[in-house]
Amino acid sequence: NAGVMQNPRHLVRRRGQEARLRCSPMKGHSHVYWYRQLPEEGLKFMVYLQKENIIDESGMPKERFSAEFPKEGPSILRIQQVVRGDSAAYFCASSSPGTLAYEQYFGPGTRLTVT
Amino acid sequence: SQKIEQNSEALNIQEGKTATLTCNYTNYSPAYLQWYRQDPGRGPVFLLLIRENEKEKRKERLKVTFDTTLKQSLFHITASQPADSATYLCALDSGGSARQLTFGSGTQLTVLP
Numbered sequence: 028n029a030g031v032m033q034n035p036r037h038l039v040r041r042r043g044q045e046a047r048l049r050c051s052p053m054k055g056h057s058h059v060y061w062y063r064q065l066p067e068e069g070l071k072f073m074v075y076l077q078k079e080n081i082i083d084e085s086g087m088p089k090e091r092f093s094a095e096f097p098k099e100g101p102s103i104l105r106i107q108q109v110v111r112g113d114s115a116a117y118f119c120a121s122s123s124p125g126t127l128a129y130e131q132y133f134g135p136g137t138r139l140t141v142t
Numbered sequence: 005s006q007k008i009e010q011n012s013e014a015l016n017i018q019e020g021k022t023a024t025l026t027c028n029y030t031n032y033s034p035a036y037l038q039w040y041r042q043d044p045g046r047g048p049v050f051l052l053l054i055r056e057n058e059k060e061k062r063k064e065r066l067k068v069t070f071d072t073t074l075k076q077s078l079f080h081i082t083a084s085q086p087a088d089s090a091t092y093l094c095a096l097d098s099g100g101s102a103r104q105l106t107f108g109s110g111t112q113l114t115v116l117p
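In the order they appear, the protein sequences are chains A and B.
Take 28 as the starting number for the first sequence in this note's numbering and just add one per residue.
Take 5 as the starting number for the second sequence in this note's numbering and just add one per residue.
Note that these hints are calculated values from the structure, not bench results.
Since we're looking at a predicted model, the values are computed, not measured.
Among the hints, a few may not be true.
[Unchecked claim] Distance condition first, Cα-Cα at most 25 Å in a straight line; then the derived BS3-like pairs of lysine-lysine:
#: 1; chain 1: B; residue 1: K7; chain 2: B; residue 2: K59
#: 2; chain 1: A; residue 1: K71; chain 2: A; residue 2: K89
#: 3; chain 1: B; residue 1: K7; chain 2: B; residue 2: K21
#: 4; chain 1: A; residue 1: K98; chain 2: A; residue 2: K78
#: 5; chain 1: B; residue 1: K21; chain 2: A; residue 2: K71
#: 6; chain 1: B; residue 1: K59; chain 2: B; residue 2: K75
#: 7; chain 1: B; residue 1: K7; chain 2: B; residue 2: K67
#: 8; chain 1: A; residue 1: K89; chain 2: B; residue 2: K59
#: 9; chain 1: B; residue 1: K75; chain 2: A; residue 2: K71
[What the hints assert, rightly or not] Label-pair restraints from in silico Cβ distances:
#: 10; chain 1: A; residue 1: I103; chain 2: B; residue 2: Q18; range: 45 to 53 Å
#: 11; chain 1: A; residue 1: E99; chain 2: B; residue 2: Q76; range: 17 to 25 Å
#: 12; chain 1: A; residue 1: P124; chain 2: B; residue 2: P117; range: 37 to 45 Å
#: 13; chain 1: A; residue 1: K89; chain 2: B; residue 2: Q6; range: 15 to 23 Å
[What the hints assert, rightly or not] So the derived list for chain A, only partly shown, Cβ under 7 Å to chain B, looks like this:
#: 14; residue: D83
#: 15; residue: F92
#: 16; residue: E130
Virtual Cβ for every residue (Gly too), placed ideally from N, Cα, C.
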């Protein structure tokens, strides 16, 4: 059973470009979460999605950031017009839809560098 | 505001000893608490979950306690090994439909051979 997959693992963008980060959850998981880890800081929640629905985006910056989890295909975290402060590791996690299954399984992360 | 503190940024112990890591929280009423392990350059790995009505949970050499009165969780690794060296993260969830995790900043554990 493959784990959570993220790609690309490393992404370099110039200021002003767009970054697209992809996440495929574990088989059977329909809940996806995105977290950001800034250098020397802890993991911060960004958004929680289920198929075709954004459940909680309270951690998302108001501008330039968006996320989706379509019926088919991976979840996408999109950052428009990137700035140097967006440089960070972005982790995706997934969990089972079971009502008592709260543990989350993380992918290897995408390390975004904005030059 | 809600706050999670993991008391030591770094902890060094001798191989074979028991490592004890602390997680304290304020202004929070978590339904459950989780511990994760993170190695450099990798994503966190789930270790244990303990619910608000549980006092203690064990898994092999790992033990977690949860005191909702003290608002504290202790994470123990017995018979520690150099391979246990990593950063350990405490995470809280308010339960229900929220599901988002709030993480502490982590404790970097080094087990010396």
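Looking back at the hints listed earlier, which ones does the structure fail to meet? 3, 5, 8, 11 and 15
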